[in-house]
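Chain order of the listed sequences is B and H. Quick note: the first sequence uses this note's numbering, first residue 455, plus one each step. Quick note: the second sequence uses this note's numbering, first residue 72, plus one each step.
Derived from the structure by calculation, the hints contain no laboratory data. Wrong hints could be hidden among the right ones.
Only pairs whose alpha carbons sit at most 25 angstroms apart, straight line, appear in this in silico DSS-like list of lysine-lysine [unchecked claim]: (1) H/Lys113 / B/Lys467; (2) B/Lys467 / H/Lys72; (3) H/Lys139 / H/Lys72.
One side of the interface only, derived from the structure: several residues of chain H facing chain B at Cβ under 8 angstroms [as the list claims (entries may be wrong)]: (4) Asn89; (5) Tyr102; (6) Lys113; (7) Gly114; (8) Leu115; (9) Ser117; (10) Gln122; (11) Arg126; (12) Gly170; (13) Phe174.
Covered stretches of chain B, as calculated for chain H (at least 3 residues, CB under 8 angstroms) [what the hints assert, rightly or not]: (14) 506-512; (15) 547-559.
We put the CB at the ideal spot given by N, CA and C, even for glycine.
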Amino acid sequence: KAGVTQTPRYLIKTRGQQVTLSCSPISGHRSVSWYQQTPGQGLQFLFEYFSETQRNKGNFPGRFSGRQFSNSRSEMNVSTLELGDSALYLCASSLSTGVYEQYFGPGTRLTVT
Amino acid sequence: KQEVTQIPAALSVPEGENLVLNCSFTDSAIYNLQWFRQDPGKGLTSLLLIQSSQREQTSGRLNASLDKSSGRSTLYIAASQPGDSATYLCACAGGTSYGKLTFGQGTILTVHP
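For reference, chain B alone in the conformation it holds in the complex:
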C-alpha cells in the first residue's frame, strides 16, 4: 500500500505570493491533518479534515486555509506569504478521526525569500 504523498517536495516563493500544497492520503484513509514544523516552534497543528469538512483548526492566521476533496485528497493554501512561513509542512492521514494512528508524508519544504 502506498504511503502518504505530498507535492511538491520543495518550493521557493517570494514574500507576498501565495502557495498551494497537496497531500494524497493512504488509500482508504478519510482523515487528513496538516502540521507546520519550524526549528523554533516545533510541530504545530494547522487543521484536520474528515469527509470534506474541517473538524479542527489550530491557532494560525486566516492566510492559512485548506480543503479536502471527495477522494480524500487535501490541499492547503497560504496567501500573502511572509518570511516566517518558511517551514516544513507535513500532512498526516488516518482511517478516521479521533483514536486512529496517524501516518505522515515526507513533507513539503517551503522557503520564502
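Given the structure of chain B, go ahead and fit chain H onto it with the hints provided.
For chain H alone, kept in the frame of chain B given last:
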C-alpha cells in the same frame, strides 16, 4: 490546553546500550499517545501507538509505556544501534480535538559506534 514535554532534549550513548526517553503531558484526557521517529529533513515515521486503555506496546526492540494518571509515557530502546540515531517525538491526541496531535519538542538521540 495540552502541553507535552520531552526529557532529555538530547542524548548520546554508545552502541549496545539500553535507553529510556521520557514524555510527560498535562491533560490526562487523551485518546492515545504516539511515538514517532524523524530523520533529518524527513517526515515522521510512526513507531508505536498506545491507546488510552493500554499500559504498553512493544515492537521489536522498542517498548512504550503509558501512565495516564501521572501524565507520563516512556519509550525504551533495547540494544541501541547507530541506525537508531534520529529525533524521537511523542504526541498526544485527545479531548475535543479529535485528530489533532500535540507534540513534544523531541529528543535528539545519537548512538555512536
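>> Under 8 angstroms is the threshold here; is the Cβ of H/Asn89 close enough to any Cβ of chain B for the hint to stand?
In response: 26 angstroms, violated
> Does H/Phe174 meet its interface restraint, that is, does its C-beta lie within less than 8 angstroms of any C-beta in chain B?
Replying inline: 4 angstroms, holds
> For the stretch 506-512 of chain B, do three or more residues have a beta carbon lying closer than 8 angstroms to a beta carbon of chain H?
Replying inline: holds (count 3)
>> Take the shortest C-beta to C-beta distance between H/Tyr102 and chain B; is it under 8 angstroms?
In response: 5 angstroms, holds
> Does H/Gly114 meet its interface restraint, that is, does its C-beta lie within less than 8 angstroms of any C-beta in chain B?
Replying inline: 4 angstroms, holds
> Given the hinted pair B/Lys467 and H/Lys72, is their alpha-carbon gap at most 25 angstroms?
Replying inline: 34 angstroms, violated
>> So, as I understand it, the hint says H/Leu115 touches chain B; can you test that by seeing if any CB pair is closer than 8 angstroms?
In response: With Cβ-Cβ at 4 angstroms, under 8 angstroms, it holds.
> Taking the least C-beta to C-beta distance, is H/Arg126 closer than 8 angstroms to chain B?
Replying inline: Hint violated; H/Arg126 Cβ to chain B Cβ min 16 angstroms, cut 8 angstroms.
> Given the proposed pairing of H/Lys139 with H/Lys72, does the C-alpha separation stay at or below 25 angstroms?
Replying inline: 16 angstroms, holds
>> Next item in the hint list is H/Gln122. Is there a CB on chain B closer than 8 angstroms to its CB?
In response: It holds, given that the least Cβ distance between H/Gln122 and chain B is near 6 angstroms, below 8 angstroms.
> When the nearest CB of chain B is found for H/Ser117, is that gap smaller than 8 angstroms?
Replying inline: 6 angstroms, holds
>> Using the nearest Cβ pair, does H/Lys113 come within less than 8 angstroms of chain B?
In response: 6 angstroms, holds
Hints 2, 4 and 11 from the list above are not met by this structure, while the remaining hints are.
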